[in-house]
Amino acid sequence: MIVAGCDVGSLTAKAVIIDENGIVASAMALAKRSPEESARAVMDQALNNAGVAMTDISWCVGTGYGRKHISFVNSVESEIACHGRGAVWQAPTARTVIDIGGPDCKAIKVDASGAVARFIYNDKCASGTGRFLEVIAEALEIKLDDLGDISLKSAKKITLSNQCVVFAETEIISLVNDGAEISDIIRALHHAVANRAAALAKSITIEKDIVMTGGVARNAGMFEALKSALGTDLLRVDNPQINGAIGAALMAMDAARGTPATEHRKEGALVE
Amino acid sequence: MMVAGCDVGSLTSKAVIMKDGKMVESVIIKSKARPGDSADAAMGQALSKTGLSMQDIGFCVGTGYGRDRISFVQEAVTEIACHGKGAQWLVPSARTVIDIGGQDCKAMRIDEQGNMIKFTANDKCASGTGRFLEVMAKVLHVELGDLGALSALSKNAITLASACTVWAQADVIQYLNSGVPVADIAAGINSAMASRMSIIVNNIGFERDVVMTGGVAKNAGVVSALEKLLGLRIKRVTRADPQLAGAIGAALIAMEKAQGGKS
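Here the protein sequences come in this chain order: W and Y.
By my numbering, the letter at position 178 of the first sequence is numbered 178, and the numbering carries on one by one without gaps.
In my numbering, each number is its position in the second sequence, counted from 1, plus 272.
Some hints here could point you the wrong way.
Okay, derived cross-link-like pairs now, DSSO-like style, lysine-lysine, Cα gap no bigger than 30 Å in a straight line [what the hints assert, rightly or not]:
{"hint": "1", "chain 1": "Y", "residue 1": "K291", "chain 2": "W", "residue 2": "K157"}
{"hint": "2", "chain 1": "W", "residue 1": "K227", "chain 2": "Y", "residue 2": "K396"}
{"hint": "3", "chain 1": "Y", "residue 1": "K294", "chain 2": "Y", "residue 2": "K490"}
{"hint": "4", "chain 1": "W", "residue 1": "K124", "chain 2": "Y", "residue 2": "K294"}
Hints listed in this document are in silico derivations from the structure and should not be mistaken for laboratory results.
On a predicted model such as this, the values are computed, not experimentally measured, just so you know.
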C-alpha cells in the first residue's frame, strides 16, 4: 500500500510518498501562485519520481499553511502534528523538535509515538527564522546555501548586538565596512538566529533528545550554532526539510489502515 | 546669551541656537557616516546662517545617539532629558511625549518643568520606529516625508498582517504587485506604525496633553491613526519643527548650565 503526505508552505511545497517500508519518493518545489497549484506540481513530481499515479495512492494527507486549499487530499492535519510525527519517525529518541523554516520557527515537545505534548510557534517576528538568513545573504550577495560552509571557516568570535533583522542588517553592513571577516560575521549571524530559536524552545522546557528539522537544518553552521545555544547535543535527520510531509504521509498510512488517529487529531486541533 | 543644542541621531542630525529662551536658528540635516561629522555639519550650517561663530555660543549641549562623539560641546546629556525639556518648550501643557526616532520609539511622562517622571522605549525591534517607515517608503518608491499626505488620499486602506518590518515589507510588495493603489498601502503602513506605537504609549499610561515629537510627528496619517487608537487628540506642535525637540531641549539645558550650573 502506498500513501502520500503533502506539505504546502508559504515559500516551498513538499510531497512524500511512503509504503510500509519507508520513503518511496519525495519532491520539493518553490511555492507557486496558489497553494493548490503548488500542491499539484509538487505531488506530480513525487508521483513521477515514484513511477506511480495518483490513483495508486490509498490516502493522502495535506498539511502546511495552504492545506485547506488542496483539492486532492483525503484529509488534513496541522503542521505541528505532522512535524512531531515526522521527527520521531526520523529520530525515534527525539522528544523535542526545533523546526526552523523560512517563514517561521517551531519548538514541539513530543512523546514516543510522535504525538504532540506542547508546542510554541513564532511567525510574528522574522528574527529566529530562516528569513533572517535570507535577508543577510541577499545584503551580502552570498548564496543562502553557502552560508554554512563560510561560517565554519570563522576564526574569530564576534557577537551581533541586534536581534531585530532590520537593525542587524545595518549592523552587519557596518561590520563589513569596518573590515570584519565575512566568515566571522556569518557565524555571528547563525548565533543570533540560533539564540532566538533556542530561547523559544526553552520557553516550553526542552527535553532530550532534541532534533533539528526544517530547511535551515541543512546549514551546518546553523546546526552548530543551535547546538551551542542549547548547550546540549542535537540530533540530525536525513531529510530535515521534508519532515512535515513525512509526518503527513505517516498519518495517511494510519488513515489508510483504519488506525484510529485520535491522538494526532486531538493535537491537530490545538493549532486551529 | 547665545546657547546651542546639537542632537545627533541615526538618520538626521539637528542643531539649534537659542537666545533668552527663543529660537534664533535651526538646522536639520541627514546624518553622515560619523556622528562627529554630522554634528560639525549641522552646527556649522546653523552658525553660518546666523553669521555667528562658535565663540559666540556661551554653552553648547550635545545629545542623541552620537552625543559622545561631538567635539565642540561642553556637555553631553541623555536624549530623554532633552526630549522632555524640548517637548515642554514646544507645548507647555504637554505631560506625555511620544518621540519617534530613526531607530527607536520613546514614550515619557513629564512634569510642568519638562522633567521626566516615567519613561519607556523600544529600541530592540524596528517596528514602530522611524526605520519601519523608512523601509516602507523605499519599497513604495516615495519620499519618507510624503507618506502622510499620500495616505490622506486613501479610500480603502489595506491591513498589514504582521507588525514585523521584514514580514510587512513582503506584504507591501505583494500588495504593490497585485495593483493596490499606493495611497491605500501607505494608509495601511501608517496604521501599522500607529498601532505598534500605541502599545508603548498604553504601557506607560498617558496623561494629557499628549504630544508627538520627532520627524514622524509630521506624518498626519500616523498622528490621526494614533489618535483613533488612543481615543484622544494629540496636541499639535506649532512653535517649531517637532523634529527639533531633542536639540531644543539640549539648548535649554545649555542655558540652565550657563546660568549657574544647576542641572
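Going down the list of hints, with the structure as the test:
1. Y/K291 / W/K157: violated (51 Å)
2. W/K227 / Y/K396: Holds, at roughly 25 Å.
3. Y/K294 / Y/K490: Holds, because 22 Å separates the two Cα atoms, which is no more than 30 Å.
4. W/K124 / Y/K294: The given pair, whose Cα atoms are some 46 Å apart, is violated under the 30 Å limit.
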